[in-house]
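Peer 1: Generate the whole structure from the sequences, applying the supplied hints.
One-letter residues, chain by chain:
Number of protein chains: 2
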Amino acid sequence: METVAASSWKQLLLNALESNSSVKHSLFFQLATIGSNGKPSNRTVGFQENSDNPYQHRQPKSKGSSFFTLYLFWVVDLYWIDELKQCPFAEICWYFADSWEQFRINGSVDIIDGSCRDPMKLQQRERAWFSSSPKSRLQYLGPIPGLPLLGEIAFKEPSLDPSTGPVDAFCLLVLDPDQVDYLNLKSNERLNFTSRQNINGEKLWTSQRINP
Amino acid sequence: METVAASSWKQLLLNALESNSSVKHSLFFQLATIGSNGKPSNRTVGFQENSDNPYQHRQPKSKGSSFFTLYLFWVVDLYWIDELKQCPFAEICWYFADSWEQFRINGSVDIIDGSCRDPMKLQQRERAWFSSSPKSRLQYLGPIPGLPLLGEIAFKEPSLDPSTGPVDAFCLLVLDPDQVDYLNLKSNERLNFTSRQNINGEKLWTSQRINP
Numbered sequence: 000m001e002t003v004a005a006s007s008w009k010q011l012l013l014n015a016l017e018s019n020s021s022v023k024h025s026l027f028f029q030l031a032t033i034g035s036n037g038k039p040s041n042r043t044v045g046f047q048e049n050s051d052n053p054y055q056h057r058q059p060k061s062k063g064s065s066f067f068t069l070y071l072f073w074v075v076d077l078y079w080i081d082e083l084k085q086c087p088f089a090e091i092c093w094y095f096a097d098s099w100e101q102f103r104i105n106g107s108v109d110i111i112d113g114s115c116r117d118p119m120k121l122q123q124r125e126r127a128w129f130s131s132s133p134k135s136r137l138q139y140l141g142p143i144p145g146l147p148l149l150g151e152i153a154f155k156e157p158s159l160d161p162s163t164g165p166v167d168a169f170c171l172l173v174l175d176p177d178q179v180d181y182l183n184l185k186s187n188e189r190l191n192f193t194s195r196q197n198i199n200g201e202k203l204w205t206s207q208r209i210n211p
Numbered sequence: 000m001e002t003v004a005a006s007s008w009k010q011l012l013l014n015a016l017e018s019n020s021s022v023k024h025s026l027f028f029q030l031a032t033i034g035s036n037g038k039p040s041n042r043t044v045g046f047q048e049n050s051d052n053p054y055q056h057r058q059p060k061s062k063g064s065s066f067f068t069l070y071l072f073w074v075v076d077l078y079w080i081d082e083l084k085q086c087p088f089a090e091i092c093w094y095f096a097d098s099w100e101q102f103r104i105n106g107s108v109d110i111i112d113g114s115c116r117d118p119m120k121l122q123q124r125e126r127a128w129f130s131s132s133p134k135s136r137l138q139y140l141g142p143i144p145g146l147p148l149l150g151e152i153a154f155k156e157p158s159l160d161p162s163t164g165p166v167d168a169f170c171l172l173v174l175d176p177d178q179v180d181y182l183n184l185k186s187n188e189r190l191n192f193t194s195r196q197n198i199n200g201e202k203l204w205t206s207q208r209i210n211p
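Heads up: the sequence lines are chains A and B, in that order. Per numbering that gives the first Met the number 0, the first sequence starts with residue 0, numbered consecutively. Per numbering that gives the first Met the number 0, the second sequence starts with residue 0, numbered consecutively.
Some hints could be false.
To be verified - Derived BS3-like pairs: lysine-lysine, alpha-carbon spacing no greater than 30 Å straight-line:
{"hint": "1", "chain 1": "B", "residue 1": "LYS84", "chain 2": "A", "residue 2": "LYS38"}
{"hint": "2", "chain 1": "B", "residue 1": "LYS38", "chain 2": "A", "residue 2": "LYS202"}
{"hint": "3", "chain 1": "A", "residue 1": "LYS23", "chain 2": "B", "residue 2": "LYS23"}
{"hint": "4", "chain 1": "B", "residue 1": "LYS9", "chain 2": "A", "residue 2": "LYS9"}
{"hint": "5", "chain 1": "B", "residue 1": "LYS120", "chain 2": "A", "residue 2": "LYS23"}
{"hint": "6", "chain 1": "A", "residue 1": "LYS9", "chain 2": "A", "residue 2": "LYS23"}
{"hint": "7", "chain 1": "A", "residue 1": "LYS23", "chain 2": "B", "residue 2": "LYS84"}
{"hint": "8", "chain 1": "B", "residue 1": "LYS185", "chain 2": "A", "residue 2": "LYS38"}
{"hint": "9", "chain 1": "A", "residue 1": "LYS134", "chain 2": "A", "residue 2": "LYS120"}
{"hint": "10", "chain 1": "A", "residue 1": "LYS185", "chain 2": "B", "residue 2": "LYS38"}
{"hint": "11", "chain 1": "A", "residue 1": "LYS84", "chain 2": "A", "residue 2": "LYS202"}
{"hint": "12", "chain 1": "B", "residue 1": "LYS9", "chain 2": "A", "residue 2": "LYS84"}
{"hint": "13", "chain 1": "B", "residue 1": "LYS38", "chain 2": "A", "residue 2": "LYS120"}
{"hint": "14", "chain 1": "A", "residue 1": "LYS134", "chain 2": "B", "residue 2": "LYS134"}
{"hint": "15", "chain 1": "A", "residue 1": "LYS84", "chain 2": "B", "residue 2": "LYS84"}
{"hint": "16", "chain 1": "B", "residue 1": "LYS120", "chain 2": "A", "residue 2": "LYS38"}
{"hint": "17", "chain 1": "B", "residue 1": "LYS134", "chain 2": "A", "residue 2": "LYS185"}
{"hint": "18", "chain 1": "A", "residue 1": "LYS38", "chain 2": "B", "residue 2": "LYS9"}
{"hint": "19", "chain 1": "A", "residue 1": "LYS9", "chain 2": "B", "residue 2": "LYS38"}
{"hint": "20", "chain 1": "B", "residue 1": "LYS134", "chain 2": "A", "residue 2": "LYS38"}
Said to hold, decoys possible - Beyond 10 Å from chain A on every Cβ pair, some chain B residues (computed):
{"hint": "21", "residue": "LYS23"}
{"hint": "22", "residue": "LYS38"}
{"hint": "23", "residue": "SER40"}
{"hint": "24", "residue": "ASP81"}
{"hint": "25", "residue": "LEU121"}
{"hint": "26", "residue": "GLY164"}
I should point out that these hints are in silico values taken from the structure, not numbers from a laboratory. Values in this document were obtained by computation on a predicted structure and should not be read as measured data. Glycine included, C-beta positions come from ideal geometry on N, C-alpha and C.
Peer 2: Take a look at the structure:
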């Protein structure tokens, strides 16, 4: 086992995004959670391309630091939020079909909604809201996803002032990775990155080569 | 709610495969299960193109019949088989980036290995083995996936007679769908297909339009 910086698996991920940038599909991954019935649940999540956006990935605090958090946000399905509150664990599976690379990133999800008491997190939520396009913000005003469609009753096309802050239905979900399983089917290599917290609460990562 | 044939969601899936046939990525989906630690687990699974192969999808017994089973098989990770034995529930998430369609297919997984007592299932396993290429069969002879790599000890390149039947490590996994959630982001439509068994043990499917 080798002690490594979190940036090593992050770099692999950034390289994969770079080398698969022409493939539309590479901007989507699947996120598995556990449903309230105790069964697995799996959804597609879109990754936004703008790498300058701090909500998708934040640079390590300092060179060599083990700190790394992957930020994600997406349309909220209220059932799903309830499920995540009951069981916050999740695993991303991100496959790059062009470079034959797979990342499995597991960790726990923090739900930041309007009722959150942490001013820093609320600010993150607000920034995430304003970094999304005014058009995509309208999704949070539509009928609740997953409920039966109400017959022929036309749903009034929502409108929203671009300066209006996050609406109640907008949640920011933040995944904090604990473990990353990287598989490269071209080179037939597999690496397992595992984290543990040191006494300062910082994450330390180790990596190990395992059988593919 | 409307009573429908299983073939209706199957047809949507076949149409999606057809309209996305030029996209390499459309032949991969992600399968979520629950790990032995109780946390979600997510893996990429490749779908084989040959639609005449009965192991990928079998036609309904007769027109209007509700019977439908999706057959899948892939490289076996022994840890995973143990996990599936503890919790056989799984959810496929299959996203077609070109046509903006997502299928979430959940059900339970039947594990057919060499110790199975059912001659029909053993025959299915054997057919699945011989329908895979001789080269891909060699994967089942490699070192156990997920275990630490044994330093510099070179692993002897395996060889196998093409007429040799399934090796011990080869398992056929069969997913029997219970529920299908279909989302079309272009038409902004979402359909939920749910099954229940009738007194003859046949699956009856109903569909309902839900909010996307």
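Peer 1: Now, for every hint given, state plainly whether the structure supports it.
Peer 2: Quick rundown of the hints versus the structure:
A threshold of 30 Å between alpha carbons decides the hint, and for LYS84 of chain B with LYS38 of chain A the separation of about 14 Å falls inside it, so the pair holds. Proposed proximity of LYS38 of chain B and LYS202 of chain A is supported: the alpha carbons are some 20 Å apart, at most 30 Å. Proposed proximity of LYS23 of chain A and LYS23 of chain B is supported: the alpha carbons are some 11 Å apart, at most 30 Å. A C-alpha spacing of about 38 Å is found between LYS9 of chain B and LYS9 of chain A, which places the hinted pair above 30 Å, so the restraint is violated.
Distance restraint check for LYS120 of chain B and LYS23 of chain A: the Cα-Cα separation of roughly 39 Å exceeds the 30 Å cut-off, and the hinted pair is therefore not satisfied. For the given pair, LYS9 of chain A sits about 20 Å from LYS23 of chain A by alpha-carbon distance, which is consistent with the 30 Å threshold. As the CA atoms of LYS23 of chain A and LYS84 of chain B are separated by approximately 36 Å, the hinted pair breaks the 30 Å bound. With a CA separation close to 29 Å, the supplied pair LYS185 of chain B and LYS38 of chain A stays within the 30 Å bound.
Distance hint between LYS134 of chain A and LYS120 of chain A is fulfilled; the C-alpha atoms sit about 24 Å from each other, no more than 30 Å. Taking the CA atoms of LYS185 of chain A and LYS38 of chain B, the gap is near 29 Å; set against the 30 Å cutoff, the hint holds. Proposed proximity of LYS84 of chain A and LYS202 of chain A is supported: the alpha carbons are some 23 Å apart, at most 30 Å. Straight-line distance between C-alpha atoms of LYS9 of chain B and LYS84 of chain A comes to about 33 Å, which puts the hinted pair past the 30 Å bound.
Only pairs whose Cα atoms come within 30 Å are accepted, and LYS38 of chain B paired with LYS120 of chain A is accepted, the gap being roughly 25 Å. Of the pairs offered as hints, the one joining LYS134 of chain A and LYS134 of chain B is violated, with about 49 Å between alpha carbons and a cut-off of 30 Å exceeded. Our distance criterion of 30 Å between C-alpha atoms is met by LYS84 of chain A and LYS84 of chain B, whose separation comes to about 27 Å. In summary, the hint linking LYS120 of chain B to LYS38 of chain A is supported, as the alpha carbons are separated by about 25 Å, within the 30 Å threshold.
With a C-alpha separation of about 15 Å, the suggested pair LYS134 of chain B and LYS185 of chain A falls inside the 30 Å cut-off, and the hint holds. Between the alpha carbons of LYS38 of chain A and LYS9 of chain B the distance comes to roughly 22 Å, so the proposed pair stays at or under 30 Å and holds. For the proposed pair LYS9 of chain A and LYS38 of chain B, the alpha carbon gap of about 22 Å is at most 30 Å, so the pair holds. Our distance criterion of 30 Å between C-alpha atoms is broken by LYS134 of chain B and LYS38 of chain A, whose separation comes to about 35 Å.
Some Cβ of chain A comes within 10 Å of the Cβ of LYS23 of chain B; the nearest lies about 5 Å off, and the non-interface call is violated. Distance check for LYS38 of chain B against chain A: the nearest CB is about 4 Å away, which does not clear 10 Å, and the non-interface claim fails. A cut-off of 10 Å between C-beta atoms contradicts the statement that SER40 of chain B is not in contact with chain A; the least separation is 6 Å. In this structure ASP81 of chain B is separated from chain A by more than 10 Å, as the shortest Cβ-Cβ distance comes to about 16 Å.
Residue-level check passed: LEU121 of chain B sits 28 Å from the nearest beta carbon of chain A, beyond 10 Å. No Cβ of chain A comes within 10 Å of the Cβ of GLY164 of chain B; the nearest lies about 24 Å off, and the non-interface call holds.
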